[in-house]
Each structure stands twice: as structure tokens, then as C-alpha cells.
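**Student:** The chain contents come next:
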Amino acid sequence: MSSNGKIVPSTLSVKDLPWQIMWHKDRCTLCGRCTAVCPVNAIELGVHRRRVVETTMGLTEAPSNVFGVYYGIRQKTDPAYACVGCGMCNLVCPNEAIMPLRSDEIDKLRFHVNRGGQPRRRGGRRNVPGGILDRIKFIRISMLTDPALDAGRHEFELRTLLGRVLPPEQNLKLLHDEGWIPPVREIYPLVIGAMSFGALSPNMWEGLQMGVAYLNEELGMPVRMCTGEGGCPPRLLRSRFIKYVILQIASGYFGWDEIIHAIPDMKEDPCAIEIKYGQGAKPGDGGLLMWHKVNNLIAAIRGVPPGVSLPSPPTHQTKYSIEEAVAKMIQSMYMAWGFRVPVYPKISGTTTATSVLNNLTRNPYAAAMAIDGEDGGTGAAYNVSMDHMGHPTASNIRDCYLNLVKLGKQNEIPLFAGGGTGKQGNLAANAAALIMLGASGVQTGKYIMQAAAGCLGSESDRCNICNIGLCPKGITSQDPRLYRRLDPEKVAERLVDVYLAFDTELRKILAPLGRSTSLPIGMSDALGIDDKAAADRLQIRYVV
Amino acid sequence: MCRLIAVTSEELQSPMLAIRALDAMREGHDGSGVGLFLTDLGGPFEELKGAPILSGIFTAKGIKRLDDFMMELGFMTKYKLSIKVPRTSAPGIPKRDVYLIRAYEYPEAWEGVDEAEIQDRLMLIRLQLRQMGEENEDMIVFSFWPDVIMLKEIGDPLTVAEHLQLDREELRARIIMAQGRQNTNYAINLYACHPFFIQGVATMTNGENTAFVPIREYLMGRGFPGYMGYQSDSEVFTHILHFMLNRLGLGIEAYKHVITPLQDGDLEHHPDGRFLKHLKHSCRKLIIDGPNCVIGCLPDKTLFMVQDRKKLRPGVAGGRPGLYALSSEMCGLDAAVPDRDKSKDFQPMHLDTAIVHKDRKEVTICRQTERLSLPH
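First to last, the sequence lines map onto chains Z and B.
If you use my numbering, the first sequence corresponds to residues 1 to 544, in order.
If you use my numbering, the second sequence corresponds to residues 1 to 376, in order.
With the rest of the complex left out, here is chain Z (with noise of 0.2 angstroms):
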């Protein structure tokens, strides 16, 4: 704009923007890559305008102005098309000739990203670098009279439990008098959390799938799913590989139809079933699907209209007393599958979360509780729900261990943690971490995006485009023209590396701690941190 031209007040400059697009002239080809793979259209041809000064020799000629254009990328500055910081422009430029960097200073973006009234919305992360996780260290080291063990050599049984677990005494009484005992899944700690069919495009769900049924019947590492809310396609619902999948349901209950009416055909029980009453990206909120997304795949198996924007309520609608609902509905589910498959609630992690263990273990049939941490990511969510809502798993994870040690229940109810695991890259730390604080297990959804499919997301707000469809990596769009971008073969390949690593470097975490026997689940001996206020919290050891 000209000096004197007119401004509103939501007029920005590049320099306004989160992300400034750095584009190099002299390497630039043209060749029109970048501005068609922008998956927010936020960069244009550009005709720039040139002023060149001639000034010649001597006294004959006057000096004189060439005024031409060339031709390049212009940044657009409209909020609405904002460079997201992808990179994708980057990853096509044949010449590294442009790239987004981020702004050294906190953008104006923000205060006009909710046009319209609409307040940001946005897929992804909570966009906080750094956690307690990392900080937990492991410092009981076997020495001498108890000698470490050998991570390649020995023999490991890294395998957790979901199910209720009775008593030992109950168990075996059971047992011997035939009565029902409560089916039990041994299965390997580290699960693929909830995201559903929908939020994930056709080809990373069905990479996923692979991978995990190459995981069990190759491997023999059984690595679980979960479907999330959003049903599951008809064929797996009837394949043997449903055994591998944890079936969610949530407070929309899309695509339950599909499955019940699949119940009398299912070759095998599904692993588990997990009823979501909250998750941590977007606490005490529903399920969300932005309508760009529901496209007639996705209509027909969660059986809803295409082109609506899908979001479930913040709560199960047959809720008359909370804990009544929970445990008719922990039954109903139950009695679907004929008492053979086990039910538990997923929960989003909260100050109430003990009230909410204290009245399952009082409820014969809740076979497990999962808490999904503040750090949880999604495909969709307010982005005040993402950034302010929520609470850490890890004092969450050890308050509601240690209520079970209280009430001797310690191994009768599982405990999963999710939200924020390995979110700077170290997942088999912080699994670890969080299996010696007190989980049986842990879920992650964000690491199996980045490390099985290459999501862009970083924790500072970059990309964070999945509730649009517009992933540019295909992971998270339901647009064909996008989502062949990713081989779903190359997931399951890199989701099987991904396992392999993590098992690889738990072992060499328990290894020298001298556990290979069981999965140390509740070895608080073994944490140190070097923050008092976060040992004394956790009741760990504080070490400096």
C-alpha cells in the first residue's frame, strides 16, 4: 500500500506474520512449485517492480532511470491466508530458493485470527516446548552385588495388561469354581492413542493398520490401536485383524451403527473397547470433525450426511447420574461382546481424575483407566481448549497410583497414560518414565504421525492445519489430490521402525536398572529429577 493509503485494523505487514517466507531471486527458477503446493494458497506470483539508475560517463548524456518488473513470490499478509510455516514450498523448490522462517518476534497474527466471530480453531498440539518427562531421570543403576543386565543379550518380557485384573485369591477361586473372570489383553505398552478414521486420511490409517498386523503376526509384538472416534471401515471390522484394534466410542457416537451390525460377522473380538469421556487437547469439549474433512468415505462410516461439520458433545448424552451412566454403559458394552472383551474409560487428565478411578475400582467391570494428559494433540480443537486447558499426566499418572497402592488395588486396574509423550523425540524415555510413575502403558498418536509419517508439526505452532484437510504431507486430509502424496506402505514400514527403536531403547533403559522381568510398573526407586517442588509432587527422588 502507498503511504497515505487506507489501513484496517486488521491490515498487516509480512512482518506481522508468525512465519515470513525468505525467498532468493537469484536462485528461483520460476517454476511455479511452490505457490501450487502451499497448502494455504499464503505465497503468489509476484511482479515486482524495478528501478534501475543509469549514470553514465562523462558530461554528454544525463543519468537516467530504467524503470522494469521482474517476476517472483509475493507473501500474502490477509489473515486468512497466513503462512502456517509447513516448509512444503521448501521441500518442492528445486533450488532451495525459498523457505519460511519464523518471526524473531511474537506475531500480530494472533489477535486477528478469529474473523467472523470465530475464534481460531486449529489441529495439532498444545505448541509448549520442554515437560517434566524429559527432565525424569533414571539413577537407580545396578552395580556390583545386582549387575546390569545386557539389553541385547537377556531375555525381556516387555508386555503390560489390559483388562481388570482380580485378586490373586478371587482369580484362582474363580478359576477352580468356572465362574466369569474378566478377559485380559497382554499387550505390548506402547499404544497408537485415538485418531480416528477422519481425522487421519485413508492411506495413513490403512499404513497404520499394516504396520501393526505386521507388528503382531511377524514380529510377534502385540501393539495395539485405537480407533478413536470414528468408527472403523467395514472389511477390518470383519477381518481377523480387528483383534489388533481398540474400538472408541465417544459422545457422538459415529460409526457405531457400522459396528454393531458388524458384531454377528466379527472372525475375531476386537482388543478392547474404549469409551472417550475426555481427551487432553480439547478437555471437557467434544469430538470435532470440521466439515471439509466429512467427505461421502467418511459420511457412510460414521453415518452422518457429507459436508457437515461433525462435533460431538462434551458428554454422553445418557448421563443421568455420572457413575450410573459410566457403569451401564462399561456393561452394555460389555454385554455386546458377550463379557469377552474388555471396556475401559479414557478420561482427559484432570484434578478429579482419583474421584473418577476411586468409583471404577469400586465398579467390577472397568477394565482399565486412561488418562490423556494437557499435551495431547488432535485433529481439531479450539485453540483456547489446546493452549489452557487441561492437566499434566505425570502427577496425574502418580496421584492415581498411588490411590490404588492405597487401596492395595495397584494391579487390578491399569492405568494408560497419554498427552505429550515423546514430544521432543524421546518416547521410550518418557514411557518409561511414566510406566515407573505408575502407568501400565502408554498411548501416543502425535510421535506415530511425525516419526511413521513425516507431520510437520513442531511445538511452535507450525502446520497445524489437520482439522482443514489441507495436511500437506497427506496425513491428516481426506483429499485424494493430497493424501496419495503418502504410501501407505512406507507408513507401515516406518511404524515398524518406529516400534523396533522403542523397544530397542526401552530394553536398554530397564536393562541397566535390572528389571527385564516384569515391566517395571510403579519402580519409583528408579526417577530422580533435579526440581525438589516436582520430586516432592511425584514423590521421587530429588537428585542434583
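In short, the hints are calculated from the structure, not lab data.
In this text the structure is predicted, and so the values were computed from the model without any measurement.
Don't take each hint at face value.
Claimed, not checked - The calculated SDA-like cross-link candidates involving lysine to any residue, where the alpha carbons are at most 20 angstroms apart (straight line), are:
# : chain 1 : residue 1 : chain 2 : residue 2
1 : Z       : K409      : B       : M220
2 : Z       : K406      : B       : G229
3 : Z       : K409      : B       : H281
Based on these hints, arrange chain B on the given structure of chain Z.
**Tutor:** Below, chain B alone, put in the same frame as chain Z:
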């Protein structure tokens, strides 16, 4: 690493047999303590079978408090063996007032009380005495049980035994367990000294149990008052065994299935696979980890030895009919039973439980992959 020896003999034996075996293994203990467990007693205690025997260390004041307390409960002293402590102290052994071994007559009011109730009451009295002793530091109580004598002291085993003149007629027994201590993580505390005892069950261990903390938390949550103490990580072995025998009604051959269960592949092919899977799941918190050789004695006077899942510790069982020994080292076995057929010595591996029954006829080996004799 501690040294362990357990002897079971048809003939009465002096505790010195075990002490000399510990001395043969002296390279492995640092003289920081010795623990003795005697059962199937001879001498004066043989005639007192059924009368509970209190073993412990008392100060002069402690004895007085003990007498008041026991009188109050209605216990009458039936027989006592006070070990007179020599005036001159021995190097490394603390000066004590009285080492007490005293058999009591049950209070009259206990007549007609059923066996299980008596067992619980005896344990509660021991715990109460222990608590009283800890408050005033005037009593240390090791056991209060019929046909059981225990003695623990800081110092080199042989020096302690000579100092206390343990080679005496009144202290003969058919089963003797002894441990020479290698002090590790914990401060020297006689309650951390093996063997550990609860209601007729005694075990001793070497090595360190790395799963100690979660196991301790689980045992303490069982609502059983005897599951306490845990000054040593090895005490959980005794309590797990007690839990399994008393609460689950299982035999010794199931012990390995609780503390070091088979992996899934083996369970699938096991004739009792279904039972064992349930046992493994529901007793998951009792799975031990770490290098451990456990030697123990059951209420029916059976001796056994088991190893951790990786068999990271030595341990050998051998002997001849009438006299068998379980030892953490071969030289300990040689010292205890030199005239045996060594070709029949057996070193239990990761799946084995070596058992010597009260008849002392042979070492029975029970492998985890074999069928269990389960109660019907």
C-alpha cells in the same frame, strides 16, 4: 554378595556345622552379620513341641518389659536358654545384655482356640514386641513360634558363634539355615539380616531384588499385619512365599511360577497353561527381578532352593540320604557334607526348584515346565 547354607539332617546337628560352612565361604561375606534359623529342634526343645519359642536380643530393661508384657497376656515361661555373654567383648560384635531363647506355655484362655487363630495371635505378639522394642531400643525380636529358634548378630559368623558359644547341647537341630552377610545398600540393622521369618516360613537370599519397591507396596496393601518391616529387599521373598502358601493355598512348586513366571510361549504349551496365566496376571506385582538365589524352609520342614529367571547366582544342592545341604557355593556344601556322592550334586537352573522333603531321602527337582499338582 551374601553366603547361604541350609542343612537338613536326620541326626541332630550343631549350628557350628552351618557356621563352619559359612566360614568356608568367607570370601563372599564381609563379616557384617550372621543369621541363624533352627527348626526341627532337639534337646530340651524337642519335648516342648507346640510351645512357642521367643528368640531375640534384649537389654536388661527390655527383659523386664518383656516379662511384664507376657505375664499380662498370660504366657508362662516353660523353658529358657539364656546365652550368657562373656565379659570380654569380641572384635566387631556389639555388646548385648541378653540373647534370649525362651519357650512359653500358652495362656489358659487360649485353650480351644483354633490353629489359624493361634498362628495369627503369635505373629501379632511378635509384631507388638518388635514395635515396643523399636520405641525404646531395648528389644529385638526375631521369631515367636513353636519349634523355631533364631539368632542374628553383627560380626563375622565364626567369631560370633564362638563368642556366643553356639556349640552347645541345647541348640541342636535337624534343620539349620544360616546366612553370612555382605552388607549392601542398607545400614546394618538386625531386622535387615536374613533369614526372614513369618508364621513358620523362613527364607534367605543373596543378591538384590530390583523389583523390591513395587512388591513391597503390593504386600503392604494386602491388609495382613505381618507384611511389614522390609529393612531388606529380600524380606519380600519370605512374604511372597507366605502369601502363596496361606492365601492362595498353593504348594512350593508354584513359587517359581509366582516370582519368575514363564513367558507366554512356554505357557501356551504348558499342561497347566491356563491356570498359570491367571496366576501370572493376578500375581504380576509379585514378580521378582534381579539376581537372586532363594533358600527357604516351609512349615512342614521342607527345604528348597530357587534361582531368579536368568540364573545369575550360584547355588547347589547335594548330600546323602539322611543329610542334605543347600548352599550358595560349592565349598559351603563341601564343608557341610564332605562325604557325599558329588556326581549327584545339583545346581538348580532358571526353571528349577530343588526340594528336600522332611524324609531327607533325596533332592527332588521340580521344573517349571512340568505339570503342577494343583488342589482340586
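**Student:** State for each hint whether it applies.
**Tutor:** Do the hints match the structure? See the list:
Annotation: proposed proximity of Z:K409 to B:M220 holds, straight-line Cα distance about 11 angstroms (limit 20 angstroms). Restraint check: the Cα-Cα separation between Z:K406 and B:G229 comes to about 17 angstroms, which is no more than 20 angstroms; the hinted pair holds. Only pairs whose Cα atoms come within 20 angstroms are accepted, and Z:K409 paired with B:H281 is accepted, the gap being roughly 13 angstroms.
Going down the numbered hints, you'll see the structure goes against none, and every one checks out.
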